[in-house]
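Peer 1: The primary structure of each chain is shown beneath.
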Amino acid sequence: MTRPSSLLAAALAAAALILMGAPLPAAAQEVTARGSLTGEYLYNLVEDGSVFDGRVELDAETGPFLVGIVYRAYQLSDPDYNPALKDIPASEIKHRFAEFHKDALSVRAGHFFSTFGKGLALRSYEEIDLEHDTVLDGILASYDLGVASVTALSGIASEDLSPSRERNHTVRGVEVTASPWEWASLGGRAVERSWEDDDEDVALPDSLALFEDVVLSGQAELWLGPVSVSAEYAGRSGENPETGLESLQGHATYLSGTADLGWATLFGEVKDYEDFAHRFVNPPTCVREHPWTLMNRATYEIDLDDERGFLAEGTVPIGEQVSLTGGASEARDQNSDLAHWEMFGTVAYSIGESATGSFAASRSREYLLGKFTEHVIGAADLDVDFASGFSLGVVAEAGTTDDVTGIQYEDYIASVTWYPGGGVTVSHVFEATTSELETRTTWLMSEVKKSITDDLEVALAAGAERGGKKCAGGVCYFEPEFEGVRLRLNAFF
Amino acid sequence: MTHRGTAVLACLVAVLLVLAGSVVSRSAETKAPDFTLPNIAGQNVTLSELLKEGPVIVDFWATWCKPCIKAFPELQQIFDSYKGCGLSLVAVSIDGPKSASRVGALIKSKGNTFEVVLDTSQEVARKFHVGSVPRTVLINTKGEVVYAVTGYRPENHKELEAAVKALIPGGCPKTPAAKE
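Top to bottom, those sequences are chains A and B. Quick note: the first sequence uses my numbering, first residue 53, plus one each step. Quick note: the second sequence uses my numbering, first residue 273, plus one each step.
In case anyone wonders, no lab produced these hints; they're calculated from the structure. Misleading hints may appear alongside valid ones.
In silico lysine-lysine, DSBU-like type, Cα no more than 35 Å apart, as pairs [what the hints assert, rightly or not]: (1) A:Lys521 to B:Lys342; (2) B:Lys414 to B:Lys382; (3) A:Lys154 to B:Lys303; (4) B:Lys342 to A:Lys146; (5) A:Lys154 to B:Lys382.
So here's chain A without its partners, still in its complex pose (with noise of 0.2 Å):
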């Protein structure tokens, strides 16, 4: 963090804590203090390493002036055994922010997330669970005028692209959004981005670290009775201020409908990118997110630069206790060739009103390395409510893999999930693979959480985590195998 942006980090953080703290005048306006803390520790017994992971936030609102921080601790036993495998600062006040709201109005300065359309034109957003955080920090204004509302943003952001190398972001937009009849909206965006890269260790001349473009976008939602349509264009054109060299034109489309037969819902997704990755958007992937955890470690990353194709679905219910939903996505690259595909479908049922369960099945290709991996998978659940109180749930997923290398594997999951009632959540998840490149086979995973109130939960579990890609909002990392015991506290005040 600059020298500049501690100092106001330090000063909101003060006024948050006076807000909240000090005494106020009778007459003076209330103050509503709202807040959770997250702490978690793990012990890695394979590792010899433990961490504190701590994440505080707090807001304080009087009137119409609201502030807030954000605080996380971070904290290693042993710098060689980082789980998180990126560096992150052992103590900081990671957000913080001071917003004023009045009528139709809303100020903001300090750090902000932001959100145009369906994520073509700018996206800032923070994925915690995946350490994903684009952030920007600077002013961030609206003004609401019913039937239209305009926002406005100027912020800046550092991205890490190595040890010693660093890409400074600014980003300046303007966003307008008007409904002229219940059953239509309409938008248009312009976003201005630049970014400087700075190196420790070598001087980067201004011809290769600098780099600036301008987004422009258009939008229309339809509201027709039983159909519902999104459009969405966005133009991009970039290049180097210094050279004029690297000049880019890129585009983005994406289109969604969903339409209600009564018999049947459907619901389709069309997309086409083209040099348009960007660390301030997040467009549509076209390709569904499955709840299912050997499904969604399967799930294909976009390639923004080069891809166009489809996602298109269907859900139609067999009387009141069975739902039948199918579906297929597809992803090629500018010259068609193909880069992925899916087919899933799910038959959902409930038996009573004790018991409610469903099966999946997906099968999907992606082109990696110059060849094919193949995904075949397959899963279940059940959930029952027994007459004693207690409630029972049970997961069992299998899949194989056909590697680009040739390697054909299995894996599977099972869990079991006990709620005894009293708040408690009692739970085991083992994983086994038939992998020859993994160093183990089998893991199994015990948890027991317990709601002590409303406000407070804690968790302990103690075993074998199997890593693996872990996706979420569009964003995928690499989770590593994890062996041992961890805490975990969550509570709102």
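With the hints as your guide, set chain B onto chain A.
Peer 2: Just chain B, lined up with the frame of chain A:
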């Protein structure tokens, strides 16, 4: 101080904060932040407007969250029982742009009739400090959070229904007049 010592100190601070937090929560109800979000039909929904009619359940969820969808039939049942007494239920989808378009299709296929709004930038979820979903919050007509729970447990809906009942004069289900 060693890293281990710092970690132990941080743990102690965390425990103290938790204890302090639970004391505060017993001494005063937390005021819920107000919000306005578009629903799946493009109309704006404002929490403070709904609170003029009666208590509001705010349920944070996502299309990729299996326990969230598992809880929907129970939430729908509570909504059906008490909507005539002024209860509103707002399911706040925290799906980002990647999956937000699927929200309408999923809700229509499930036949849910409660209000579903889109928090695509997760700004409202952040104001409620939602770290993981599902998180269900019950807000009384004064705008105070009187019940909250994170995660799915079958017993949650019984606790939630009891909390709703306590907020509605006379329990109401005997006179279910449709609010719509």
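Peer 1: Each hint: holds or not?
Peer 2: Against the structure, the hints come out as follows:
Proximity of A:Lys521 to B:Lys342 is assessed by CA-CA distance (about 25 Å); at most 35 Å being required, the pair is judged to hold. Proximity of B:Lys414 to B:Lys382 is assessed by CA-CA distance (about 32 Å); at most 35 Å being required, the pair is judged to hold. Proposed proximity of A:Lys154 and B:Lys303 is supported: the alpha carbons are some 19 Å apart, at most 35 Å. For a cut-off of 35 Å, the pair hint linking B:Lys342 to A:Lys146 stands: about 34 Å separates their Cα positions.
Under the criterion of a C-alpha separation no larger than 35 Å, the hint pairing A:Lys154 with B:Lys382 is inconsistent with the structure, at around 39 Å.
Violation of the numbered hints given earlier is confined to hint 5; every other hint is satisfied by the structure.
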